[in-house]
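Q: Spelled out, the chains give:
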Amino acid sequence: MKRFLLLMAAAAMAATCLSFLANAEGRFDKKLSPDQQILQALNRLTFGPRPGDIEQVRHVGVQKWIELQLHPDQIPENPELDARLKPLATLRMDLAAIVKEYTPEPLQPIVLPAMTLNQLLPPEDMRKVQIGTAEERTAVLKSLDPDKRRQVLAALPPNVLAHTPEFQKEGEDARKLQQEEMQKENRRRNPQLNDLLNPDQVNVARSGNKEQLTALFAYLDPEKRPLVAGLLPPQSLAVLPELRRAGMFRRTPRLVASDDLKQAKVFRALYSNRQLEEVLVDFWFNHFNVDQAKNVPQTQNLEHLLIGSYERDAIRPHVLGHFKDLLLATARHPAMLYYLDNWESMAPGGFEVGPFAPNRGVVNGVPNSIIPSPLARQAHGLNENYGREVMELHTLGVKGGYTQDDVIAVARCFTGWTVRDPANPEFVFASFMHDFGEKTVLGHKIAAGGGEQDGLQVIDILGHHPSTAKFISRELAQRFVADDPPQALVDRMARTFTKTDGDLRAVLETMFTSPEFFSEGAWQAKVKSPFEMVVSAVRAIGGEASDTYALVQKIADLGEPLYNKLEPTGYPNTGDAWLSTTGIMGRMNFSTALASGLVAGVKLDSTRLEGNDAPAIARDLLGRDASPQTQAALEKGLEGTDHTAPFIASLVLSSPDFQRR
Amino acid sequence: MLTRRIFLRGSAIAMAGMGAVPSWLARAASVEGKKRKILVAIFQRGAADGLNIVVPFAEKRYRELRPNLAIAPPSGQTSASGLNIVGPNNGTTIDLDGRFALNGAMQPLKALWDKQQLAIVEATGSPDSSRSHFDAQDYMESGTSGKTMGDGWLNRALPTAGAETSPLRAVAMGSQVPRTLRGERQAIAVGDSQQFNLGNQDAASILENMYATSADAQWGRTGKDAFEAMKLIQSINRSPYNPQGGAQYGPSGDLGRSLQQLARLIKADAGIEAAFAEIGGWDHHGNENPQLSNVLRQFSGALAALCQDMGDRMEDIVLVTMSEFGRTAQENGNAGTDHGHGSFMLVLGGPVQGGKVYGKWPGLEKEQLFEGRDLAVTTDFRAVLGELICGHLGQKDVGPVFPGFQPSDPLGLLRS
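Sequence order for the protein chains is A and B. Quick note on the numbering used here: the first sequence kicks off at 1 and runs consecutively. Quick note on the numbering used here: the second sequence kicks off at 662 and runs consecutively.
These are computed hints drawn from the structure, not numbers from a lab. All residues carry an ideal CB built from backbone N, CA and C; glycine is no exception. Please note that the accuracy of each hint is not assured.
Claimed, not checked - A few chain A residues that face chain B, going by a derived Cβ cut-off under 8 Å, partial list only: (1) T581; (2) M588; (3) A633; (4) S650; (5) L651.
Kindly generate the complete structure, drawing on both the sequences and the hints.
A: Here it is in structure tokens:
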């Protein structure tokens, strides 16, 4: 069904694009002017030009600048970026440390010093009170001193006193007192704002401005600060990143890890000198998408902890390396193993020895304790999810020539590739889950008795498959050249892929030096995604971001919540998905807020555009002249009025011209 | 009451000041008089506890499974066990048919039940047994199993657009278009309608002209649609709005606000065919009853206000509610319930054959419960929705809307 729909969608798209393509095809051999080439390189290899970037690329030379971007280790990183990433501590911690420090403390039940009956009374008295006659109970209770009696009464179930009316009231009072003490203890552990602050302070905390909030928190005892921060909604602390983080840490520590990653993603897009590397990390994360919200049984928000390591350890090191290393790193990372369910995929019939077995133990040297509560889920056998997606989405493409039998065979090969434990999320090969039978994957025999090696063989087969070379090349060309890139270019890239054993840097080089990349067919052919629109706008206007909380929110509002795409397909690579009425209104409103200096955490140099006319401001923000129609609309609309530079800037950022790159 | 004709003329005049009359409005005016059927889907996110909302008070096991949580049987009734011990503060119920009772916090819906405009389907749900909010919502919104499709059932349930189709044909009363409404047909999120307000009138008119004259065909069209929708929403919002029949949206929280905004759009003949609204806060793992009463008051108050406000228009409107799954039949150790399976759906509106509890009641004995712990599902949610899609929206076949689903005999939820 899904495949059918994709075909339908492709057919529908082909039909609507046909007239456009007829023109565009021819234009992929029409060369851009030298000025256009500079802007083209900046628009595709970076998150949009900043003031001064065009001059810099012109100075270095386009080809040399591209070559440099392909070797990020030769580009000194921007010290401003390091400073901004510093408070985001999880970025620099290894996964085990993140898990340890950002997992919530288990809730401790409230235990009062109240004792149980057998601690309070000798056995004979206890019997009398609990199951004796009313007279016996009365006698014992009367013999106790008031303090002790209160304790005994509180520990007694109410129905015991039903026939001892004389102590009913006292019993009720005793229980009530105990209840109150429990509540008091609960309140002591979880103080509310009113317990921590006086009424004036509460008002400031809830709705104060930056200065008022800063003063209030400076005044508070240090140990009170995270408590107060934890009780405030994040938007109240929108302007105080460190307190916002501390508050989130108190409420939902695991969410801090994914939040750090989101903040960092925007900071890097805005400030990194190694722009191509950041564009590629964005591309490949999306290609091998995982979702922060993936549900891992009995371990709430676990995926939030894992995605930062996934990007840093599985994606980033390989974006300019060999494709099969990237594929392997994603296949083995806990974030992916959970996301596409491979962690629980096992040989059919493996129930007796698998992690779902009722008895725990050690099987083939691996502890049989991967699933915290074996009976909590009923299972199990093969899970085809990863086996399918690794071919459909990660390597061969949907028309890459695999069958349902291949899906099953690949899934069988990967059985046993799992995660040690949610509390210790690292890759482990669990042989007791593995299907040791013979498999045939895309015509290759994989002999019986293989083990972990089976999965590695699949990675090898998929990584070197001609369909993979074509599919990956096309995906890259779609991102960097045009939604429907010329086949000749894709073929040349695929040849490079095959010749170089999937060297992604070489494939990119083929693309970036191609005439198609610098052709009219590729010029302004890409619609910006919400993420690209927001960061390119901040870059264009020369905004300085001290905090990216509001920007991350805005990107989500515009339809691209970062690290939160449910489907393994990732966010769309093509423009049609982002052309929406709601989207354009949101972009216009964001542009207005940004240009007016109303986006929290982003500061503008208000003098930079002052005194310029509309064409000059458009040229500054777009890196080129606005289209004649946009220019005419600006001229007509601004005629005879006295509009400020920020107003004109908001119109330019809202224009159709700025929605493309 | 503002008639369609007056609105169309009024809007055209109002818009003349802002630029050209939207082409959609002109087209719509020409098909004036053609009645549009409206289907409103309301999602209760977080897994609502069906057993304490539509209470099976005649069932002995209900009280046994929930010694602390069971809601009192309707006054004058005793539970089947003959016991009539009512826990403190466990609220009241409103008898429906001697077997089921509405949670007392749903008093606002009683009048609709009596008018036979409210039908209840018991033991509904989806085959998804993940007990994951996320997976199960996704299943229910996409309307299909396994590999999720990118679009939602309510989008697929709409006919393909024609000349008289409004840019507001499918509206989500929230900041985003939810999965339920996403897809090929145009669907717009109408948050608190602030989104469709550019604030600066000068900027709006310059940008409208910029997009209208743009050589960028794709963005040009999108911009044009957006400005059409914006004008429509703004002109609707410009006139003061007075709910009819004493409808009170006010105390009903976000859902009340959403439905009031929807009511405005419907009454202004904005061309709505499908709408979506949602209400969260149903995930009661502890201290359930007071929280449930609170959210039920908002929920039923908002639904009742919309029905009241719509008056005779309810003849063309059907509302349907759903939640991703129900909760455990047995209470947990914190006076709450955990993730379960079967739940309930409400169907409201003029065309509804109401005043009746539909669906096969599976029972609460251990062997009758799903996996020994949750209310079983005897009516697939797609059966309910399918009946409305065919009977109300006039689709011939639910096959394309719910691929792979075989509908059984209709329940007969709508008057024929």
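Q: For this structure, which hints from the list above don't hold up?
A: Checked against the structure, no hint fails, so every one of them is satisfied.
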